[in-house]
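Enquirer: Listed below are the residues making up each chain.
2 protein chains.
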Amino acid sequence: MTDTFVVVGGDAAGMSAASKAKRDDPDLEVVVFEKGEWVSYGACGLPYYVKGEIQSLETLVSVTPEEFRDERDIDLRTGHDVVAIDPDEQTVTAESKSESDSDSGTVVQPYDHLLLAVGAEAVVPPIDGTDREGVYTLGSMSDGKELREYVARTRSGESLQQPDRGPACRYLEDCTGPVGIVGGGYIGIEMAEALAANGFEVTLFQRGDRVLKGFSEATSEAVADHLREEDVTLRLGAEVWELTGEESVEAVVTDDDRITVEMVLLGTGVRPRTGLAEDAGIELGPTGAVATDAYRETNLPDVYAAGDCAEAVHTVTGEPAYVPLALTANRHGRAVGQTVAGTPTEGGDIAGTAAVKAFDLEAARTGIIDHEEARAAGYEPVSETIDANSRAGYYPGGGTVTVTLTADRDSGRVLGASLVSEYGEGAVHRSHAIVGALEEETTVFELENYDLAYAPPFNTTWDPVLVAAKVLGGTLR
Amino acid sequence: MTDTFVVVGGDAAGMSAASKAKRDDPDLEVVVFEKGEWVSYGACGLPYYVKGEIQSLETLVSVTPEEFRDERDIDLRTGHDVVAIDPDEQTVTAESKSESDSDSGTVVQPYDHLLLAVGAEAVVPPIDGTDREGVYTLGSMSDGKELREYVARTRSGESLQQPDRGPACRYLEDCTGPVGIVGGGYIGIEMAEALAANGFEVTLFQRGDRVLKGFSEATSEAVADHLREEDVTLRLGAEVWELTGEESVEAVVTDDDRITVEMVLLGTGVRPRTGLAEDAGIELGPTGAVATDAYRETNLPDVYAAGDCAEAVHTVTGEPAYVPLALTANRHGRAVGQTVAGTPTEGGDIAGTAAVKAFDLEAARTGIIDHEEARAAGYEPVSETIDANSRAGYYPGGGTVTVTLTADRDSGRVLGASLVSEYGEGAVHRSHAIVGALEEETTVFELENYDLAYAPPFNTTWDPVLVAAKVLGGTLR
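The listed protein sequences correspond, in order, to chains A and B. Here UniProt numbering is used: position 15 in the first sequence is 15, and no number is missing along the way. Here UniProt numbering is used: position 373 in the second sequence is 373, and no number is missing along the way.
Hint data in this document are derived by calculation from the structure and do not stem from the laboratory. Be aware that a few hints might be false.
Stated by the list, open to error - Stretch by stretch, here's where chain B covers chain A in the computed footprint (C-beta under 8 Å, at least three residues):
#1 38-50
#2 59-70
#3 353-362
#4 393-400
#5 450-458
As the list claims (entries may be wrong) - Which bits of chain B does chain A cover? Going by a derived footprint, with three or more residues having C-beta under 8 Å, they are:
#6 42-55
#7 347-354
#8 423-429
Predicted model only: the values in this text are computed from it and were never measured. For glycine and all other residues, C-beta sits at the position ideal for the given N, C-alpha and C.
The following block holds chain A by itself, in its conformation from the complex (with noise of 0.2 Å):
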């Protein structure tokens, strides 16, 4: 008798585990619950998809739900709630949502080896008229829809009575907005490039004192200062404390003001979906999400968790993390898929890794570079923050790479690090260099000697990573 692999969502960890279950192990029945209409997207495109770059969200999808089942036999049943976990009986329970009363009912299906993947969910502020009209997350595929459509109105001049206004509205008085968004992480810096984009007046308001607060100061600044050049509004250290209005969102209320908008977007963070696990028994670690060991097995055998519902143990700390990005989804995903279908994988640690464009400009961050964390981690961190040319001073074009990079004073390894340049000036593709020296326990000594590739076009002599490596190696000696 063959086994059966059930797998509850149907997005990055869970298509990535059941498309390689069933091409490792063509025996397999794999059965794939996913409660909406859409599979297998890149929720990261949404920011562009609003912003009017991308032209269909149909775009967004790398493998469509008729491919997974015609040409992966795959069991995809979309529009299926998972409601229920019973693991003595090994079985979930899922409720068919379909509008026609055919469809609809109760499933209950029994399961081998079961892959919770249900992602997380957009958090939405404890804070009085959240839930107004005009007032929307960006977490889903319907989330990026409703933005698009409101976009696509308020340009048109639906709402406003103006006509059809492109990008260049913003340098023109009669710009479309205003609207705020609160949270100043990447949904919110990318959300706030795409409103920009479309002729919105934007005002960013951020809790904290400075955007992207995982990343380092000199980061923090450097998109800070480019936002402000784009005329986006920041007020940071501002506590929201309501969204009032009629029906619609007129006002964000502020600790000290009271700003008008036509339409705000939260932009404060997710958080794991828990309650199917927490239900079944199945055990959470300390950041929320579902724990599990390096194979992302719970503590329920044959119950696996991967992507934005589960932690994961950190590269530097060796403790557990919650960091809900793209890749570990697809990657813990897939070396799910590769142990069910015989060939235990664990998948690997993560590093914090992120990525974002803002404007004309792209950062990266990878490990620990905050201090009050590195010292709970036990390392005593230090760290130097160079600015470098991104090509030979010489050469046309280009511009500076401001690179930050800590490391532990005693040890010397490398914890982390933040870089932010130009678009195109390769601060992203750099931080692949620190990824490897997290992975690998390098230390900033032997990272100074990394013979990284040189040619007047791409760098200096010595890349920016070396130059920082050579600085903060100074600072160590």
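The hints should help you fit chain B onto chain A, whose structure is shown.
Expert: Then chain B, alone, in the frame of chain A:
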């Protein structure tokens, strides 16, 4: 009494050593002899100077002789040709070539520590006619100056009685030229770009069957295709027999053809300058360059060699290799300076990493790609080549990154890689990830799990480097 550190050669390795030694130990007396007038210049920028993207040779100089003398307190003596080393007496003999009699003469300079940093010289192939007018090499600043003058003179019509024609000329029928380039390495390809951009009709002669032979075949093919797109005529597998002409060169004669040219650039590699070392009893290594230990010390105590005249240990093979490139010269020069100033410093191995821009493409290579070379080093090489999007498939712009990754079958160790993409799409900076993997003896299975940065404007969820690791890992499993 203070020690004296004598440096022979005032370019990357020499001036890095001099500067670092003096900075770390200001009491040290530092004397540098440089045969020519230029010091500390970026020879890698010469093709861009000839192209016209860099306006003056001075721009290529990172620190001027005056700055070395006045600000860094280094006794820099340009126009001084060191003709002998006496290791028993610990002296060097230099001949000053100044035209004013008072400055000319012979100097005998004692040393406590000596660094040979005399660099490499362009190889002139042993064929007839290389001494004709119109035959150039590109190794030194004066070579660059002559070539730029040739380009300016020809473009302005002095030699051809044609009006000034800009880069667009190569799309017209009455193009400048034709010119020949012998050698399809970095210099050959960069100069093809430089000359074509100035309206010359370029034919590139390559003895082997592909350009950039140190790169993977896939990279070579991509670059060759692109050169042809840019109207460079490639003559692969063409053995050049002779350069003929009355006074100036008029034709390149190959084994089966005779191609009319008005100018020839020889880009047939470089060889280490070793005469001075050999005369002094300094041993050469198996590569024919000066042999050193990990601290760049030669067989003579307190006599070091670094930069393009010396060999170094290869990261992957553990054997001596000769890869004369700028970063190594800087890094090893600096390490010698630090060692001489009292802190013994190794400066690290070399991975044979190199980058090149070829018109609108960029390419990088690192480690061991060639299977014969890998087998000679005791590995059983397996390679895979993949094409991947440089940005998310749905994100505007971008192109293809082609990655060739080589690993050892038994251990899975990553041995080398070759990458190519459009310029600006990150083949070169992505190679940084592989360099780390080589230095740390990472397996392809570990590389596959590197938590590299991802966002749609920068890569697919699995960066092309990870895709290559995944595919190669699949082959090895």
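Enquirer: Of the hints stated earlier, which fail here?
Expert: none
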